[in-house]
Amino acid sequence: MMFPPPEPIRLRPGQQVSVAFGRPWKDAVISLMEPGCGYAPWQYDDDRQKGDVLISVLDTQPQVFGCIEIIGPKTDDSPFSIDQKWILRRLPMVPDWLSLPDVHKPLGFEQAQNLLSILDSERQTYSQGFGIEPPTTAEAARVILDSGGRCTHCDKQINLNRPDARGRIHTHLAEANSFVGDHYSDWPAALCTPCYGKMSTGGFINYLDFRFAGNPQCPRCRARRTAEYIRSYYIEDLPADPSPWKFYNEEHRGPDDYGRWLCHRCHFVFSDVVQ
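Read in the numbering used here, the sequence shown has 235 at position 248, and its numbers run on one by one without any break.
For the record, the hints were derived by calculation from the structure and aren't laboratory data.
Any given hint could turn out to be false.
Stated by the list, open to error - As a list, the in silico PhoX-like pairs of lysine-lysine whose alpha-carbon atoms are at most 20 Å apart:
id, residue 1, residue 2
1, K37, K143
2, K92, K37
3, K37, K61
4, K61, K72
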């Protein structure tokens, strides 16, 4: 289902825009995903009025924007509530030209409006490109947020709604330029503790090597680069950025080729049991 884009945020006279800093960054990104985790990483000024805007910044290297919130009325338990919230799924980088004030000083009106205009498109952007830039803590935060708390390897949900959440999710980052067109030399991953342990004890330093090690070896070229066919009856169900260990393209398959594998190295298609 397609949703209409959110209306641009236009500041009114007297409406202030402030910055909240998230430190440490891993606690901050987890609290974006699971506000009930119990972490309190945000540093901000409590003196906010209804209608003010709060922009969160994660203290990664480089720093990235985390979300935009519209302040609601005060409650019995808090100096303010949140009326609207948009998580910026791509965690866009804070530009070098932007000098962020401390938590006690709001942005100037013109600067704030310019920044909100830049971030408007980010409120409706969900796709993320990995393996292009060098690995950083900003990239690690993106991998965690993009995972939705699900392990890349075993596909199980990681319980992040608990005090030890930061130790339950681990990241593997791909080197720069590891993803070029349809060619992958590595892949970033958010891993649960058991899968992270298996990758480490197995001596794998490349996630794709770890991932493909569990798939059948190609009977023709003997490579460990076979992708599993995933059937989908509706085009809307296909991922925007399919992972290299799965393939969806029917042109590689005949009408009865259920349960087949595709070798990325030599493009050989074979069944589960090779005769």
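Practice task
Verify the proposed pairing of K92 with K37, using a straight-line Cα cut of 20 Å.
Solution key: Satisfied, since the Cα-Cα distance of roughly 17 Å is no more than 20 Å.
Handout entry: Restraint check for K61 with K72, where alpha carbons must lie at most 20 Å apart
Key = Given pair K61, K72 holds - Cα atoms ~16 Å apart, limit 20 Å.
Handout entry: Holds or violated: K37 to K61, with C-alpha atoms at most 20 Å apart
Key = 8 Å, holds
Practice task
Below or equal to 20 Å on CA atoms is what counts here, so check K37 against K143.
Solution key: Violated. K37 to K143 sits at ~39 Å, over the 20 Å cutoff.
Consistency with the previously given hints fails for number 1 only.
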